[in-house]
Structure formats: structure tokens, C-alpha cells
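Q: So the sequence lines, in the order shown, correspond to chains A and B. All residue numbers for the first sequence refer to the numbering used here, where the first residue is 1 and numbers rise by one. All residue numbers for the second sequence refer to the numbering used here, where the first residue is 1001 and numbers rise by one.
Quick caveat, the hints were computed from the structure, so don't treat them as lab data. Even glycine gets a Cβ: it sits at the ideal position worked out from N, Cα and C. A couple of the hints might just be wrong.
Unchecked claim - Keeping only pairs whose Cα atoms sit at most 20 Å apart, straight-line, the calculated PhoX-like set for lysine-lysine is:
1) A:K205 to B:K1031
2) B:K1050 to A:K183
3) B:K1031 to A:K186
4) B:K1050 to A:K178
5) B:K1031 to A:K214
6) B:K1118 to A:K179
7) A:K272 to B:K1031
8) A:K179 to B:K1149
9) B:K1050 to A:K211
Claimed, not checked - Per label pair, the in silico range of CB-to-CB distance:
10) A:K205 to B:L1048: 18 to 28 Å
11) A:H81 to B:L1048: 51 to 61 Å
12) A:H111 to B:E1002: 15 to 25 Å
13) A:S190 to B:E1052: 22 to 32 Å
14) B:L1003 to A:Y269: 23 to 33 Å
15) B:Q1042 to A:V279: 41 to 51 Å
16) A:S190 to B:E1002: 38 to 48 Å
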Amino acid sequence: MDCSHVFEFKVKRLIVVFTLFLAFLSVSSRVFAQADTAVVSADTAVNAAHTEGAHGAGHGEEKFEPTKVIMEHIADSHMWHLWGHLSIPLPVILYTPDAGLEFFSSGQFHHGEHDYAGAKNTYRLVNDKIKIVGADGQVDEAASSKILDFSITKNVAAMFIAIAIILVIFISVAAAYKKRVGKAPKGLQSFVEPIILFVRDDIAKPNIGHKHAKFMPYLLTVFFFIWINNVLGLIPIFPGGANVTGNISLTFVLSLFTMIIVNINGNKYYWKHIFLPNVPFWLWPLMVVVEVVGVISKPFALMVRLFANITAGHIIVLSLISLIFIFKTLAIAPVSVAFVLFMDVLELLVAFLQAFIFTLLTALFIGMAVEEHH
Amino acid sequence: MELVTPTIGLVFWTAVAFVCLLILLKKFAWKPILAAIHEREQSIDEALNKAELAKHEMARLTAQNEELMKEARAERDHILKEAKALKDSIVHEAKTQAHTEGAKLIEKAKIEIENQKKAALAELKSQVSSLSLEIAERVLRSQLEDKAKQQDLVANLLKDVELN
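Chain B with its partners taken away, still in its complex shape (with noise of 0.2 Å):
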């Protein structure tokens, strides 16, 4: 019975220590060793957590950066068409204007050929007229030199003038 009876001494003793072992250890004890390892998971924690955000920011670069590229591609490609169809686009002008500026000068090539042709046969006309009218003085010059001759013609005139 002596062992399961409590003695005042020993509660006493133990109440005291007890007590103050909990303030000491409350104290210097428990609070900056639960407050560090609080602190310290959470900085793991942060840690962790930064990294996955970085592996995030990663990939999202990486899925930026691929889709820039193919931005880029498609904005060269497009760029690279666009050149080639103005190309063709200016090509094809040239031509066509070449050909009608062509068909225009060989046109004008024409009329000035005719017109020259037709200058050509009027000056031509002229000349065979004039010449032939010299050729006709001349020939009646040398016709009438001699006066047998004149009295002949203004004979042979005026038979037909006699008519009328």
C-alpha cells in the first residue's frame, strides 16, 4: 500500500520542477527549435514550390520560344510568297506593258511609214509633174526653134479650134 500512496514530498518536488522545466523549455527550449524548423520547411517548402514554378516558366518559355519560331517560319514563308507573287505580279506587268508600249510603237512605226510612204508619193508626184512639164518646155522649145515648124502647130491648133 506504502508503494501506490503518494507522498507530499515528491508531488511537491515534481509540481515545482516540473512547472519550471516547462517554463525554462517553453522558453529557450521549444520556441526557436519549433520556430526554425517551421521556418526551415518553409523555405523547403517556398523552395520546392519556386522550382516547380521555374520548371512551369521553363516549359512555358520553351513553348513560347517554339511557338515564336514557328511564328517566324510561317511570317518568312508568308513574307517569301508575298516576294514571289509581286515579283510575278511586276514580271508579268513589265511584260504586258512592254508588249503593248511594243505594239504601240510599231503601231506609230506604221502610221509614220505611211505617212512618209504617202509624203513620199506626193513629193514624187510633184516632182514627176514638174518634171514632166520641164520635159514638155523643153520639147516644144526645141520644136518651135524654127519657124516653119511654129506656123505648123499654130497651123495644126488652130484647125482644131476652128471646129468649135
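Just chain A, with the same shape it has in the complex (with noise of 0.2 Å):
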């Protein structure tokens, strides 16, 4: 398959922009090597202080624990924790095969202190996890894992608001289109319009060619969502902070589509190459595997990459935040502000790389599809 136009592609551009994130990258890996030899000390630190029973420090200070407070906020969440104890309830929806759909607010649970009777099932928030619990008080692991739970978690309400804020800007940035035809770009219209125009010329052109009117809208659907999702994770207070492209589920969906997309457009070229691949016919057998993993493979690394650079992103950011209650002291504080900045413009940075990565291949993969050999 000839790939040489992608790594023709904008060489020059493409050339600085990676040799900066090299640059960026070395320097984090080490940044983030700290911070890691940092965690595992800390956490033998904590461990070792548990294991010599010192219960006796009492309940009035909690014991921090860096690598706990991290996958909490990685992970998704039925509540929005906003500071302190602190948080806005999100509203649950459970399908059980026995009780059907059952709707409450997770404030039901009081963070996980009290259990919530349903019309059959009683519900306990174990971990983040809403677990049915037996008649012996127990959880009953069987029945739990029964649950489809659909509830409008932290990460999904985050996506909402990405969504709307989305739709704002676009459907204002095409009423002004409406209302000035032919007039040069103008105020939010002139900063989307080089982004647009770049999805355009730059990602879907190059790698489609004449057929890329047909996949403009998914393109940039998915090139702004991610991208819009990306910035609002940096964002720490409340209409960002969740880490909704640094979710696997998320990025499951996205790869999901784009293989839907590229499979469904796949003309008859790129069905004979999977099934009767340019190859001497003893090859068959071999080649027809790998080119039948590859469709899978290629949505799977778009799913893993994006999941992996921005999960890693909020974990180095929160890792040095962690120093300061580490160390408990005010005197890392600078150090560790320095670092998240440094971080944080640089996870700028990624998150339209990944936005613009994830773009490009989804259209490197379409455009092999649709290519007409001739």
C-alpha cells in the first residue's frame, strides 16, 4: 500500500512541530520518572507507617494517598466533586433484568455512607461502583454484575457540556457565515475558519482526495470534539476537569465509528486487498489474517492512543500536585506549580495533536479505502 504521500505530507510543518514534542517529551519522560519514584516512595512511605499500626493518628487527618486520589479522578465518577466535601449529584439510571429501569440521584447515596433501597433492589455505591446489596447486608456480587448501569456519570455530563459548548460555537459560527456571504471572517468566525479550512486542505485533501466533501462533517465533528474535550480536561474546576477523551469508553466509540466509516465506504479494491491480497496463493491463509486483524488493529491503536496520551497527561499533572501533600510542605509548592504549568502547555499542545492525530489517520484510513487504483 503506498503511504508515501503521509510522510510527505507538510513535511516541513510536521518536522518542527515533532521535533518540539520530542524535545517536550524527553524532557517530561524524566519529569515523570520523578514524579513516579516519588509515588512509590510515598506509597511504601504510607504502607509502612500502616503496618506499624498507627491507627492511633486518629481519624481527624486522613492519610493521603496519591496513587488513590489519581485513579479517582481518572476514572469516572457518580458524583462531581467540586472542592471540599463539596459536590453536585448526577442522576443515576440503572437497568436491572429484574427491576427494570430505576431512576435516582446519587446524592441518594451520601458518598457511599448510606445505601439506596430501589423498587427491588437495594443499592450500595461501593468504590464508585453501584453494587445490589443481599438481604444479609453483603454485597451480592452476582446480582451486581448484572447491573447495566447508564447513569449520567461525571464524564458523561462533561461530554454534555463539551457538546453544547460545541453547538454554540459552530451553530453561531454559521449563522455569521449566513449573515455575512462573501465578506471576509470575522471575530469567532476567523479564528474557526484556518481550523476548519486546515481539517480541510491539510488533513482530508492530502489523504481522501476528490471524494473528501462526503467525509468533511465526521471529520470535523471528530477533530472538535476531541479537541474541545481535550481543553475543558485541562480545565480544573468545574465545567472541565473530568478526563472524558482519556476514557476508554470514549475513545472506544470514536475508533468504533471511524471503523464503521472506513469499512462501510471500502470500495471493491480495498476488499480485494484484505481477501485476495498481491501475494503468491500460499500466502493466502496468512496474509488474509493480517489484513483482517489490520482493519481491527488500525481503529484499536487510534483508541489506545488517545486514551493513553491524555490519561497520561492528567496523571504527571496530578502526580506533581500530589508532591505538595507528599512532602507536606509549601516549600515544594513552587516546584510543583512550575512543573504543571510546564505541563499543562504542553498538554495544550496535545491535546490538538491528538485532536488533529486522530483526524488525520481516521482520514489516512478512509482515504485508503475509497482510493481508486487504476
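Bring the two chains, given one by one in their own frames, into a single complex with the hints.
A: Listed below in C-alpha cells is the structure:
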């Protein structure tokens, strides 16, 4: 398969971006290593303290466990924690085979301290997972595994907010286009237009060719959806801060859509390449397997790449912040803040870069599927 | 492991929300935006093409003007030349005509003069003869007034006649 045009694609511009990116990575990996060792050492210290039977310290002072804090943030939640003990309760929507659909507020759990008695089952929040409590007051794992949790969790809510922002931005921009027909762009329009043109002229056109118009809505939507969600994830306070694009479920859905679009639009050459590859016939059994795996592995790579990049960014920032609490001194704060600032700036780049790469690779896969051979 | 396990709830909501977003944006944002951008690009292209065409037209017109000027100049020169030639020929013709006419007149005048001269000579001749006759008559008359002289003359005449 001829992929050379991908590598020639705006080579100079990309080289600059990637050199910067690599330069940042080499620095940030060192930071990551530092943070990691700090976390590990803190963990061992905490564990040591724990095993020494430090219960005497009392409940007044909670022990700081960075891994737990970070993992809690990275994972999804049924509440949107604001600050201190204040959090926004979110709607819980459960489907169980015996009780059907049930709606209630996650505030009913009182941060997991109370059980909620539904129509038939009693629910308990264990590590932010909803479980069914049996008659004996213990968690009934067998019944719990049958729960289908369609709750509006923190990530879902954050995604809805991002979608609302995207809709507001682009519908107002579209209105501006209708109002200012044939005139130069202005305001928000002039901010968005170069990006739209970038997606069209530098992502879609070189990879898909003359059929790009059909795929523009999907590419643009994916690009802005990922980008806006990435950027919102960097904002530490309420409307942002959720690890939306760093959640495997979301990246799974996006890459699934890419896979569906690529394979629906695949032409006969695409399918011929998979099932009748241009190799000696005795290699067919091997090549067909490889090609079929390729169909799945390409979107799989998209899924993992976006998930890992964004999650890693969140973990690094949180680890750096955790340093202050691990060392229990304000003296480390300037260092942490400096590194966090650096990481946030880097994450701004990564936010754009990951949206760009996801869109670019989607365009590339579509391009391969619709390519005409002569 | 929990981190890399998709949860049904988020998968469901993401799929629903993303599809809704895609449909809404496609209908209300991308279509008008891309159409407007396309339209504007076309109009810019068109305007540039038109400018280029106008430039060419301008150049063509200038060239044409130049050509016309050149032609007009050549025409003028040609006409002037022709006029000059015509004038020259007319003058020349007039000259030659005048010349021949003059020569003819002179010839005529010469003939006339000759004729007049001849006529005058003839008249002179006749007048001289009549005058001489008259003189002779008068002389004779005066000589024959007396009889003696007449007889003399007759005698003289008869003397000549007798010999015959």
C-alpha cells in the first residue's frame, strides 16, 4: 500500500512540531520518572506507617494516598466533586433484569455512606461502583454483575457540556457565515475558519482526494469534539477537569465509528486487498489473517493512543500536584506549580495534536478504503 | 484493568451524544460553513480570473490601439503620398497640356500670320496692278490729249504691226 504521501504531507511543518514534541517528551519523561519514584516512595512510606499500626493517629487527619486520588480522578464517577465535601449529585440510571429501569439521584448515596433502596433491590456505592446489597447486608456480586449502569456520570455530563459548547460555537459561526455572505470572516468566525480549512486542506484533501467532501462533517466533528474535550479536561474547575477523552469508553466509541465509516465506504479494491492480496497464493491464508487483523488493529491503535495520551497527561499533572501533599510542605509548591504549568502548556499542545492525529489517521484510513486503483 | 475496560453507560451515552452532535453539526454548521467557504473561494477565484481576463483585455486593447494608430499613421502617410503624387501628376499634366496648347496656338498663329501675309501680298499685288493700270491710263490720257501725239503713237504702233 502506498503511504508515501502521508510522510510527505506538510513535512516541514510537521518536522518542526514533532521536534518540539520530542524535545518536550524527553523532558517530561524525566519528570514522569521523578513523579513516579516520588509516588512509589510515598506509597511505601504510607504502607510502612500503616503496618506499624498508626491507627492511633486518629481519624482527624486523613492519610494521603496519591495513587488512590489520581485513580479516582482518572476514573469515572457518579458525583462531580467540586471542592471539600461539596459535590454535584448526578442522575443514576440503572437497568436490572428484574427491576427494569430505575432513576434516582446519586445524592441518595451520601458519598457512599448510605444505601439506596430501589423498587426491588437495595443499591450501595462501593468505590464509585453501584452494587446490589443482598438481604444479609453484604454485596451480592452475582446480582451486581447484571446491572447495566446508564447513569449520567461525571464524564457523560462533561461530554454533554462540551457538546453544548461545540454546538453554540459552530451554530453561531454558521449564522455568521449566513449573515456575512461572501465577506471576510470576523470574530469567532475568523478563529474557527483557519482550523476548518486546516482540516479540509491539510487533512482531508491530501489523504482522501476528490471524495473528501462526503467525509468532511465526520472529520470536522471528530476533530473539534476531541479537541474541545481535551482542552476542557485541562481546566481544573467545574465545567472541565473530567478525564473525558482519557476514558477508554469514549475513545472506543470514536474509533468504532471510524472503523464503521472506513469499512462501509471501502470499495472493491479495498476488499480485494484484504481477501485477495497481491501475493503468491500459498501466502493467502497468512495474509488474509494479517489484513483482517489490520482492519481491527488500526482503529484499536486510535483508541489506545488517544486514551493513553490524555490519561498520561492527567496523571502527570496530578502526580506533580500530589508532591505538595506527599512532602507535606509548601516549599515544594513552587516547583510543583512550575512543572504543572509546563505540563499544562505541553498538554495544550497534546490536546491539539491528539485531535489532529486522530482526524489525520481517520482520513488516512478512509483514503485507503476509497482509493481508486488504475 | 478497570481503567482499560469500557463501561456500558459511557459507551452508550458517547455513541448517542456523538451521533446527535454529528447530525446537528452536519445540518446546522458544517453544511452552511463549508458551503459559504466554498462559495467565497469560488467568488475569489472568479474575481481573480476576471481581473486576469481584464488585464489581458486591457493589453489586447492597448495593442489594438497601437495597431490602429500605426495603421492610421500608415494610412495618412499613404494618403499624403498619393495626394502628392496626384498633385504632381496634375501639375505635370497641366504643364504638358499648357505646353502643347501653347505650341498649338503658336502654330496656328504662325499659319494665320502666313495666311494674312499671303492675303496681304495678294491684295498688294492687285492694288499695285490696278494702281499701275490707273497710272498707265492717266499717263496715256495725258499723252493722247493732243492730236499730233495720238497720230505719232498710232504711227509708231502701226510701224510695229506692219512687220507682222
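Q: Could you run down the list of hints and mark each one as holding or not?
A: Hint by hint, here is what the structure shows:
The hinted pair formed by K205 of chain A and K1031 of chain B meets the criterion: a straight-line CA distance of about 17 Å does not exceed 20 Å. Among the hinted pairs, K1050 of chain B with K183 of chain A is consistent with the structure: their alpha-carbon atoms are about 18 Å apart, no more than 20 Å. Between K1031 of chain B and K186 of chain A the alpha-carbon distance is near 19 Å, which keeps this suggested pair within the 20 Å criterion. A threshold of 20 Å between alpha carbons decides the hint, and for K1050 of chain B with K178 of chain A the separation of about 25 Å lies outside it, so the pair is violated.
Distance restraint check for K1031 of chain B and K214 of chain A: the Cα-Cα separation of roughly 11 Å lies within the 20 Å cut-off, and the hinted pair is therefore satisfied. A distance of roughly 119 Å separates the Cα atoms of K1118 of chain B and K179 of chain A; the hinted pair therefore is violated under the 20 Å criterion. Between K272 of chain A and K1031 of chain B the alpha-carbon distance is near 34 Å, which puts this suggested pair outside the 20 Å criterion. About 160 Å separates the Cα atoms of K179 of chain A and K1149 of chain B, which puts this hinted pair outside 20 Å; it is violated.
Of the pairs offered as hints, the one joining K1050 of chain B and K211 of chain A is violated, with about 28 Å between alpha carbons and a cut-off of 20 Å exceeded. At roughly 20 Å, the beta carbons of K205 of chain A and L1048 of chain B sit within the given window of 18 to 28 Å. Distance hint check: the CB atoms of H81 of chain A and L1048 of chain B are about 57 Å apart, consistent with the given range 51 to 61 Å. Look at H111 of chain A against E1002 of chain B: about 20 Å separates their beta carbons, and that is inside 15 to 25 Å.
Look at S190 of chain A against E1052 of chain B: about 27 Å separates their beta carbons, and that is inside 22 to 32 Å. L1003 of chain B and Y269 of chain A have their C-beta atoms about 39 Å apart, which leaves the hinted 23 to 33 Å range violated. At about 46 Å, the beta-carbon gap between Q1042 of chain B and V279 of chain A stays in the expected band of 41 to 51 Å. At roughly 44 Å, the beta-carbon separation of S190 of chain A and E1002 of chain B lies within the given 38 to 48 Å, and the hint holds.
The structure shown violates the earlier hints numbered 4, 6, 7, 8, 9 and 14.
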